[in-house]
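A.B. asks: The chain contents come next:
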Amino acid sequence: GESVGLHLPTLSVQEGDNSIINCAYSNSASDYFIWYKQESGKGPQFIIDIRSNMDKRQGQRVTVLLNKTVKHLSLQIAATQPGDSAVYFCAENKGYGQNFVFGPGTRLSVLP
Amino acid sequence: DSGVTQTPKHLITATGQRVTLRCSPRSGDLSVYWYQQSLDQGLQFLIQYYNGEERAKGNILERFSAQQFPDLHSELNLSSLELGDSALYFCASSPKVQGAYEQYFGPGTRLTVT
Numbered sequence: 001g002e003s004v005g006l007h008l009p010t011l012s013v014q015e016g017d018n019s020i021i022n023c024a025y026s027n028s029a030s031d032y033f034i035w036y037k038q039e040s041g042k043g044p045q046f047i048i049d050i051r052s053n054m055d056k057r058q059g060q061r062v063t064v065l066l067n068k069t070v071k072h073l074s075l076q077i078a079a080t081q082p083g084d085s086a087v088y089f090c091a092e093n094k095g096y097g098q099n100f101v102f103g104p105g106t107r108l109s110v111l112p
Numbered sequence: 001d002s003g004v005t006q007t008p009k010h011l012i013t014a015t016g017q018r019v020t021l022r023c024s025p026r027s028g029d030l031s032v033y034w035y036q037q038s039l040d041q042g043l044q045f046l047i048q049y050y051n052g053e054e055r056a057k058g059n060i061l062e063r064f065s066a067q068q069f070p071d072l073h074s075e076l077n078l079s080s081l082e083l084g085d086s087a088l089y090f091c092a093s094s095p096k097v098q099g100a101y102e103q104y105f106g107p108g109t110r111l112t113v114t
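Chains as they are written, first to last, in the numbering used here: chain A, 1 to 112; chain B, 1 to 114.
Only true hints are included.
DSS-like, lysine-lysine: derived pairs with alpha carbons at most 27 Å apart:
| # | chain 1 | residue 1 | chain 2 | residue 2 |
| --- | --- | --- | --- | --- |
| 1 | B | 57 | A | 42 |
| 2 | A | 42 | B | 9 |
| 3 | B | 57 | A | 94 |
Think of the hints as simulated: they come from the structure by calculation, not from any bench.
Using the sequences plus the hints, can you model the full thing?
C.D. replies: Take a look at the structure:
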């Protein structure tokens with residue numbers, strides 16, 4: 001069946017380093033992707049999105065890369081800060097009339 | 001703060017009982033989504049409403065139901081509760097009815113069934 005998965009369930013990085021969180025999706029029909037951040041005790045928070053007609057999109061300290069050939073999505077966080085510690089979810093959408101499928105999440109821990 | 005509010009924050013109840021979770025979407029958003037988040041299942045889409053009408057159903061049990069009222073707030077009703085229903089329940093809203101657009105999540109309701 002269709003699913004969204006993550007390569008790494010946990011990721012620990014040093015403060016100040018760059019973080020890369022990966023996501024593999026199985027449905028080639030998906031054309032819209034979102035990365036969400038969920039801090040403990042809070043709801044998912046939108047970070048950045050990308051549509052399938054793009055392969056890269058940048059935000060503030062974050063970059064999302066989309067490789068449709070291998071159905072892979074990644075979130076890069078530059079100069080990782082303690083406040084970046086959270087669970088990160090990728091979500092895919094097949095487009096019109098469809099709903100989002102969320103991956104299981106990756107926990108990012110920022111070490112001092 | 002996403003602008004989406006959910007009440008109550010926490011709910012503890014016994015098996016077999018019925019509870020109602022409430023959600024108010026962001027001002028102007030007509031679409032409301034309900035999700036269940038448990039440790040072993042991740043975020044699971046339950047149901048979507050747009051301007052009072054049901055638009056999509058996901059993995060929602062027959063014991064669960066929802067509705068969206070004319071003022072656009074939504075309620076999720078969970079009945080004949082089982083231990084396995086213990087989870088975080090999130091509401092999200094979006095200005096769009098269909099298509100791919102970001103959803104804004106509320107803080108969630110933590111349901112514990114004992």
